[in-house]
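Chemist: All chains, please: the whole structure from these sequences, using the hints.
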Amino acid sequence: MANHSLWARLRPFRRPLLFNKVALRIQSHPRIHSVNSRWTRYKSFRQHRFLGDFTWYSWIFLTWVPVVVFFNANVMELAFINGPSMYPFMNAEKDQTTAPDVTVAWKWNAQHNLARGMIVLFWNPRKPEITVVKRVVGLEGDIITTRPPYPALVIRVPPGHIWVEGDGGERDSIDSNVYGPIATALVIGTIPFVLKPLHRAGWVRWWEHPVNGRVRHRS
Amino acid sequence: MGFTSRYYGHPFRVLFSIGKSVAFAHLIWNYGVAWGSGSGASMMPTFPVLGKSVIIDRRCRRGRNVQVGDCVVYNIPIEPGEEGIKRVLGMPGDYVLMNSPDCKNRNHMIQVPEGHCYIMGDNLPWSRDSRDFGPLPLALIKGKVVATSYLNGWNPLKWWSKFDNGLKPVDTTSE
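The listed protein sequences derive, respectively, from chains A and B.
In terms of our numbering, the first sequence opens at residue 1 and continues consecutively.
In terms of our numbering, the second sequence opens at residue 1 and continues consecutively.
A portion of the hints provided could be inaccurate.
Short, incomplete list of chain A residues facing chain B, as computed with Cβ under 8 Å [stated by the list, open to error]:
hint: 1; residue: P66
hint: 2; residue: V67
hint: 3; residue: V69
hint: 4; residue: P125
hint: 5; residue: P159
hint: 6; residue: G160
hint: 7; residue: A183
hint: 8; residue: T184
Result set (DMTMM-like, lysine to aspartate or glutamate): computed pairs, CA atoms no more than 20 Å apart in a straight line [to be verified]:
hint: 9; chain 1: B; residue 1: K52; chain 2: B; residue 2: E83
hint: 10; chain 1: A; residue 1: K127; chain 2: B; residue 2: D94
hint: 11; chain 1: A; residue 1: K127; chain 2: A; residue 2: D172
hint: 12; chain 1: B; residue 1: K20; chain 2: A; residue 2: E77
hint: 13; chain 1: A; residue 1: K43; chain 2: A; residue 2: D53
hint: 14; chain 1: A; residue 1: K196; chain 2: A; residue 2: E77
hint: 15; chain 1: A; residue 1: K94; chain 2: A; residue 2: D172
hint: 16; chain 1: B; residue 1: K142; chain 2: B; residue 2: D129
hint: 17; chain 1: B; residue 1: K142; chain 2: A; residue 2: E129
hint: 18; chain 1: A; residue 1: K107; chain 2: B; residue 2: E82
hint: 19; chain 1: B; residue 1: K142; chain 2: B; residue 2: E82
hint: 20; chain 1: A; residue 1: K127; chain 2: B; residue 2: E114
hint: 21; chain 1: A; residue 1: K94; chain 2: A; residue 2: E170
hint: 22; chain 1: B; residue 1: K52; chain 2: B; residue 2: E82
hint: 23; chain 1: A; residue 1: K196; chain 2: A; residue 2: D95
To be clear, the hints were calculated from the coordinates, so they are not data collected in a lab.
Built from N, CA and C at the ideal position, the CB exists for glycine as well.
Modeler: Given below as structure tokens:
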């Protein structure tokens with residue numbers, strides 16, 4: 001090996017003029033062993049017992065980070081449910097344990113094909129860094145009979161918006177009855193699957209959810 | 001050479017590398033800096049109808065570090081999937097006049113609710129903004145305009161210009 005010291009291995013390589021011819025001459029030189037290109041010197045650096053492997057596997061790890069970020073942001077992510085707003089469907093054991101339910105949030109094309117009864121994950125319109133899980137009650141154009149905190153008795157959901165409510169009712173849930181209909185663009189995912197606790201694990205059969213009698217008119 | 005032989009004859013290495021490169025570009029585009037070309041007359045004195053494109057700072061997504069007077073890129077709440085550029089008139093807690101100065105109800109005033117902002121286009125008669133759909137949730141803001149590019153001439157260095165917050169203090173001396 002030509003480079004004996006670590007300093008020599010880290011030295012920036014400057015390709016001299018007439019590199020190929022000089023390299024050919026040097027290869028036939030009796031005392032100089034070889035002249036390495038940048039890639040070959042990197043390969044020899046990789047054969048270092050610790051540094052070579054460490055830099056290589058760190059690099060491989062770093063290149064996978066954007067892939068994981070893309071997957072979590074656009075395809076699928078785990079959602080941990082805190083609070084009683086979806087009781088009794090989620091956090092049914094809220095009075096026995098503090099452990100949150102673990103669910104799967106599906107994010108690919110989540111804003112399309114929304115339906116009444118689906119459970120959606122969206123940005124809290126009042127706290128822009130916090131996500132919330134609620135059930136879709138009304139789609140755009142529906143006429144909804146509201147619950148008490150809302151100032152009007154009846155509302156038509158405006159275009160591009162949906163009406164979301166928690167299963168917990170007006171005592172436990174801060175939902176559209178507090179902050180009004182939310183823009184569909186705030187939705188970042190649907191909840192198709194529950195992972196934990198295991199005895200309730202399975203697909204969310206949202207189409208079997210009883211039709212909310214407070215939807216007066218469906219668009 | 002080593003670099004080509006690492007990929008030549010290794011289709012999965014090629015596919016994985018392309019996928020990782022796309023994901024890296026996505027990371028930069030959505031969480032770092034993005035480029036976009038707008039069209040429309042709603043920001044007329046600031047942006048012409050066509051031709052001027054914007055550099056967007058994605059670190060200001062969801063209203064982070066956004067101040068009154070900034071131009072923001074946002075998801076139009078009444079048209080899912082569409083994006084627009086408007087100027088921020090009020091941040092949470094501010095009192096704003098709801099309507100245009102030439103409107104009948106021009107003195108109507110609201111307090112911008114928690115987590116929302118009030119946006120308007122610079123071209124008031126030709127802008128669809130918070131006057132129509134109300135205060136905008138900060139979570140719908142996708143970024144802030146930090147620079148503009150206008151492709152005139154052949155020198156790429158002259159295409160870019162910094163975009164500042166145009167807010168000025170009110171001149172109270174002259175009356």
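Chemist: So, for every hint listed, does it hold in this structure?
Modeler: A quick look at each hint next to the structure:
no. : hint            : result
1   : P66             : holds (4 Å)
2   : V67             : holds (4 Å)
3   : V69             : holds (6 Å)
4   : P125            : holds (4 Å)
5   : P159            : holds (5 Å)
6   : G160            : holds (4 Å)
7   : A183            : holds (4 Å)
8   : T184            : holds (4 Å)
9   : B:K52 x B:E83   : holds (16 Å)
10  : A:K127 x B:D94  : holds (16 Å)
11  : A:K127 x A:D172 : holds (18 Å)
12  : B:K20 x A:E77   : holds (19 Å)
13  : A:K43 x A:D53   : holds (11 Å)
14  : A:K196 x A:E77  : holds (14 Å)
15  : A:K94 x A:D172  : holds (12 Å)
16  : B:K142 x B:D129 : holds (16 Å)
17  : B:K142 x A:E129 : holds (13 Å)
18  : A:K107 x B:E82  : holds (18 Å)
19  : B:K142 x B:E82  : holds (12 Å)
20  : A:K127 x B:E114 : holds (7 Å)
21  : A:K94 x A:E170  : holds (17 Å)
22  : B:K52 x B:E82   : holds (19 Å)
23  : A:K196 x A:D95  : holds (16 Å)
Every hint, counting from the list given before, is met by this structure.
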